[in-house]
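Which chain is which? The protein sequence lines are W and D, in order. Here the first sequence is numbered in the numbering used here, starting from 1 and rising by one per residue. Here the second sequence is numbered in the numbering used here, starting from 1 and rising by one per residue.
No lab work stands behind these hints: they were computed from the structure. Heads up, a few of these hints could be off.
SDA-like, lysine to any residue: derived pairs with alpha carbons at most 20 angstroms apart [claimed, not checked]: (1) W:Lys404 to W:Arg378; (2) D:Lys319 to W:Ser108; (3) D:Lys319 to W:Ile101; (4) D:Lys319 to W:Asp392; (5) D:Lys319 to W:Arg459; (6) W:Lys343 to W:Glu354.
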Amino acid sequence: MLSCPPASVRHVALSLGITGQLAQVVILRELLIVFHGNELSIGIILAAWLLWTGIGSYVGIVLATRALDMAHTLLMMAMALFFVLPLTLAFSRLLRGFFGILPGVYLSFLDIACSCFLLLAPCGLLIGAMFTLIVRGWRESTGKAISSAAGTYMSEALGNILGGMLFTLLLVHYLNAFLMILLAGGLLSAVLATHVLYTNTPAFRLPKGRLLLVLTILVALLSLWPLSHWIDTTTWRLQWHSMAPEHSLVETVASKYGPIAVLCREDQYSFYQSGNLLFSAAGKESELFLAEDLESAVFAHFAMCHHENPRDILLIGGGIRGTLREILRHPVERLDYIELDRKLVDVAQSYVAEATVASLDDPRVRVILTDGRLFVRRSRKTYDMIIVDMPDPATASMNRYYTKEFFQEVSRSLNPGGMFMMGAESTVNLRGSAIANRNATLFHTLDSIFEYVLPAGQRLLLFIAGQKSEIVSCDSRLLQDRLLERGIDRTVFSPRHFDLLLEEGQLRRINWILRHHGRGPRTHLSPPQSPPFSLPGIEEQIAQSSHGPAVDARSFINSDFKPIAYYYTLVYWGGLTRSDHAALFRELSHVNPLWVLFPFAMALFFAVILRALVVFSSRTWGAVSTRYALSFAVFTTGFSTMTLQVALLFVFQNVYGFVYEMVGLIVALFMTGLVTGTATAQRWIRDKANPIVLAKVQAILAIYCAILAVFLPRTAYISSPTSVFLLFSGITWLSGFLNGIDFPLATSCCHKTGLGTELSTGMVYGTELFGASLGAVLAGVALVPILGVAACSMTAAFANAAAFVIIIFLARE
Amino acid sequence: MLYIAVLLALLSVMMPLNSHRNNLPRRKFLRRGVGTLCSLGMAGQLAAKDNSPLQTARLGLIKAKRSPWFKALENGSISCELCPRRCRLAPGQRGFCRVRENREGECYTLVYGNPALIQNDPIERKPFFHVLPGSRALSISTAGCNMECKFCEVWDMALVAPEEVYAYDVPPHAVVRYAREANAQSISYAFGEPVVFYEYVHSIATHAKNDSLLNLLHTNGYISPSPLKALCDRLDAVNLDLKAFDDTFYRDICGGELNPVLASLQLLNKEGIHVEITNILIPSMNDHPDTLRKMCRWICHELGPNVPLHFGRFYPLYKLANLPPTPVSTLERSREIAMEEGLKFVYLARVAGHKAESTFCPNCGTAVIERLGFVVENNLLKDGKCPCGEPVPGRWKA
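The following block holds chain D by itself, in its conformation from the complex:
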């Protein structure tokens, strides 16, 4: 009997120990088993009083719609034709991007109208430096991505399935309405990967165009030519992430391919869409001067010397958490190389306060637009021209 008494004594010591440690009365301690419903309800109470769908995100919200971008194969399988991956999907199977599915022999997108991110930002944040400076853009993005970069900044939204994120219920026409209410002049499909929510982009872009809003895309460019072409007449500007001018890097670090991305750039150029390029320089991985020179030469030759190029600084994160940040001198050197190869507008991103965040007139060298981060401090352009008369290419008016 002694041992049972000991056990009971020990048990009774443990119980009050818990509640005392947390300074909670016993009642609340027992309530622990209630569940998430309670907390969700509370959260709903705390939100702003407006009951619009934009105010309450739901975990795992899925909005499916049939997509035309696929080819039927035998036995109910399909080949998704949206991006060069060309995933072969058996019935019920999902693609690499996690947001496209084979339902009964047809391709369905699971992200038509359920953005995980919808926010109002300065346009310089995307970054677009030669489009409506100082204006605001409504950014929208869903879960999913068709690459898997080891230095992904938004991995907790892009590299997860839509069941794992909170999403808002926003049909395409509503996006435009919210953009207007937020005094945005453009809609940007950014932060996530717009290629994977293509159908949603296409619909919103159509509504936006009808309402005189600009459509801005920030993409990895890993898309098949046909869908890209079909989107072009609705696009106003594209910022393309050129991860590296090296196919090995694309395969090993990003899980993608270089050539389809270059093809996308060429197509956009041919369609006359304003393009800006972003390149994050990761020390020792894609910052070699020779490769950079080849890249700048290609850009200058294929797309012209007026394409703005943003060299971004890498900071340790995600899977490359213990690699030091890019030395600023590497960024400056890369910028010099780019300008030597003929590119006129080369910027350094994520080094707030650096003079290379400002736009300089290619003729007289005046800082026509001064920036710090995404804050525009000064804009001397008149009708898209420097005070000295030199035109600076860009989309300066809506």
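Excised from the complex, chain W in its bound form:
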């Protein structure tokens, strides 16, 4: 039974959790914009946050062991946090302008890492330190050592859940970022102040005079509340001024998928989400919308003219940028248009050309607001044409539209003679290895499912695929005739565009490069072969390649579980920054997966040395070696749980579909499992804690991760969405549970080696966070994209297995 401190102490821990979670989510979303929505940065931002919180908890140990006035210190820290949070938010918006970064430029990995680590230091340190101090306060009010650690941990976790759900379900829809952050900081300060006022605990009492002063300052700070809107708008404007100068910021919309910004220059409106340019389109006042939206017109007409009689169409994405409008000029009977973000559709309708808005109301069109993958998987309907007009696979979520599994689902949903069309960014001669790898991957993945694939284009590479070779044509004459037959006005879209798109020289070159690159081992490590000068025609190229060596599936087939196209896109972005991290990424692909085991081998080696030292002198080295084993176990728990969580979220998104609230709920379930695990361990340990139990938990975790490694890829075959959700909820809850058991066990064992409560707690908490930090960055940046989900889970398994071995080896007594 947890011995209960006064409710107010629990409330303080709870509100620390709420505040921490709210602050983390808000700042993460803001920083993502600064980095142009680069998903890599999520791993780095999380890692920086976790790292500083970990260091903060160590700092907290130092503070807690001094004879400090607890209440005073905590209150001062809370007030400092109240200040620091909005300042951090403001700085993150002004970051680009402050460093004079050119508009439109992607920041390199190193730049992102440095700015995150500098920016997140103050709030991370404060929150981490406060955790350890609250543990001390809890202990002093109950007199129980270990339950104070577990109790604080659990309350904080509960606070995290509450904070997360509050944000997703309520706050993001109504409040701007500054208001949310002021709310977060204010909540903690208010709870602490109240606690201090009404407490009976001697540890938390404060002299009345000082208290009044504090309260006055608090009230003064709260008056910032009405100013928040002004601060929010001004910082937004300053930020966008440095990101897209001389474009006026017309509107910002808080969508749960990322903040949307609408910018205007003359008669052109550009739509950004999380700082990433989605598309530009002509505005309502524009007379030039046909010229302005040319790209979407080319996309639409190229697709539609390939099919002899396209009546049933499925369009995923791109409708509001004009593709839908152009498709409807053809004799379409039924069109299903899928768009994920309702807020984007709504805000775009206010600004794009009237003709585009009208196309949404066309009686032939059914607008369906859902995740495209989810729709295709569940739909029983078949189509003549499926067109995907989505952004490049630059995020894990976008990668799902370019995988083997998706193409299989698409192929099943096509009528006989049906075709599939998609596009991706490319360069003039496909020379760089990253972009060539990425586009060759897209080509080969398509080619593995469809019988006939034709890539065409230059800056924008279009892929058209079908099951019969007679249907997909590179004859521009045929396409032109169809366009004219369908009575599409020449002034709208000239048939000559097909001559441009299918210009023989460019077409042969692109086809040659894409068809040849990726055949044979290790071809992804060097740039693609340049094509010979006199190239065979497309038909001959296809015939030749069917006799050639097989495609290196490991590096050139994109799958839901091994998102290699996503990885290459990240390398490509990195290459654009011309920084050394591009080279680093390339080196990463040289890495043999088994090398991931190397650090664990090092850890084992250390253990052997320590064991030898213990044999030599048990007194000095005994405690040290036990603590090493315990720290390593805690580190690997943090590491493997985070790694597994990244992999799980990735798979869930792939299998279930990207629905923001579901992802939030899954994370909340993890925390619930965590709390339950901690409570359960609390109930059972008491004085029974010893390293062997911890070792057994590590073993269970290892086996669990290994099972998931085998099992996760098979989840793709589960058809019922409810089953998928329940399954993933269960798995996540269990992961949280196992993680939760770890904490009180480890703290208890540490305590037994002679360390004080705060010291043990702080050390365990901090080390777990370091592990989680490393896991976040490694899994998000390298493990999942390069090695895939199964290998990621196996790495987690190995981490825990190594911990098991080390504990058994070192902490036997």
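Got chain W; can you put chain D on it based on the hints?
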């Protein structure tokens, strides 16, 4: 012993996992370590049967030749005199352009005969609108560039060292032969930066001239006067990229300078070479009406009102990947400004289908050459004249 067993079990689970996931039998999985030689060999097999050097590009091919464009300094250092950068190179050091090197106190070009790009294109693609419309040109280019524009389209060829690209082995006389075989009427030194492979250009141009092929240059104009002058008697037409009429833009965004480029334009004009100018308009960076007006005024005054000017649309790419494309209305407005300042032939590039891709007679306004992108739809010119009689300046015949 328990833990070793666990480890072994885990290891054995991982191995078949890999091969199963990729549907490859174990044998192929083990072959992974074989190496690139295999793939290169295969690629060679798949290429067309002709064994000419043009058919097989090699990674990192370097063909060095001594260059006369340098000045010897003390201690074996040299000052390269080809472009206004005037790189001072210690022995063994490479210039900013990555393709010129100091070897034992002498300047060597590393790109004499190893083009990374050799392709056959319509002439309108370079873009040359007033030279042999509808004909084909053989384009040739090597790695390297003496500027570093943040909106570079060919950065993966130009802004890299020659060791990092695939190149063909093509001596200058062979270029001309290939051009003839491809039924090209001209050779264009385009896509990369011809200034940095000057010696190669000079040699090919000499052979081309002897064989009645036109020599077309597409350059950034960042070259010293002497080498440019020495090339002029072999040149037939030049398309110069005037990045902006603003030295700050040149320095910050391109890593170059404005004045030497203007000097090149003046020199070309004096030598009587047909010049066309390309200007990519990047929103908020170089599209201000006042600056554009000054630029057009300068062009009209220094080079004459007949110089074709191409305003190109910017699309997000390379280092400016998140900046929106140029609004078409900005392009149209810029064209109006240019025509107000007296320029007669102003085009919009990269807005395929726009009427400003066609050539209009300055007198009667008829569309004498109709174009869509690089496709010529209709050509009404007879002996370089509009049906109304007005001459339209340009190189209409070989």
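Do the hints match the structure? See the list:
Of the pairs offered as hints, the one joining W:Lys404 and W:Arg378 holds, with about 17 angstroms between alpha carbons and a cut-off of 20 angstroms not exceeded. Among the hinted pairs, D:Lys319 with W:Ser108 is consistent with the structure: their alpha-carbon atoms are about 11 angstroms apart, no more than 20 angstroms. At roughly 11 angstroms between alpha-carbon atoms, D:Lys319 and W:Ile101 fall within 20 angstroms of each other, so this suggested pair holds. In summary, the hint linking D:Lys319 to W:Asp392 is supported, as the alpha carbons are separated by about 17 angstroms, within the 20 angstroms threshold.
The straight-line distance between the Cα atoms of D:Lys319 and W:Arg459 is roughly 15 angstroms, inside the 20 angstroms bound, and the hint therefore holds. Proposed proximity of W:Lys343 and W:Glu354 is supported: the alpha carbons are some 18 angstroms apart, at most 20 angstroms.
Of the numbered hints given earlier, the model fails none.
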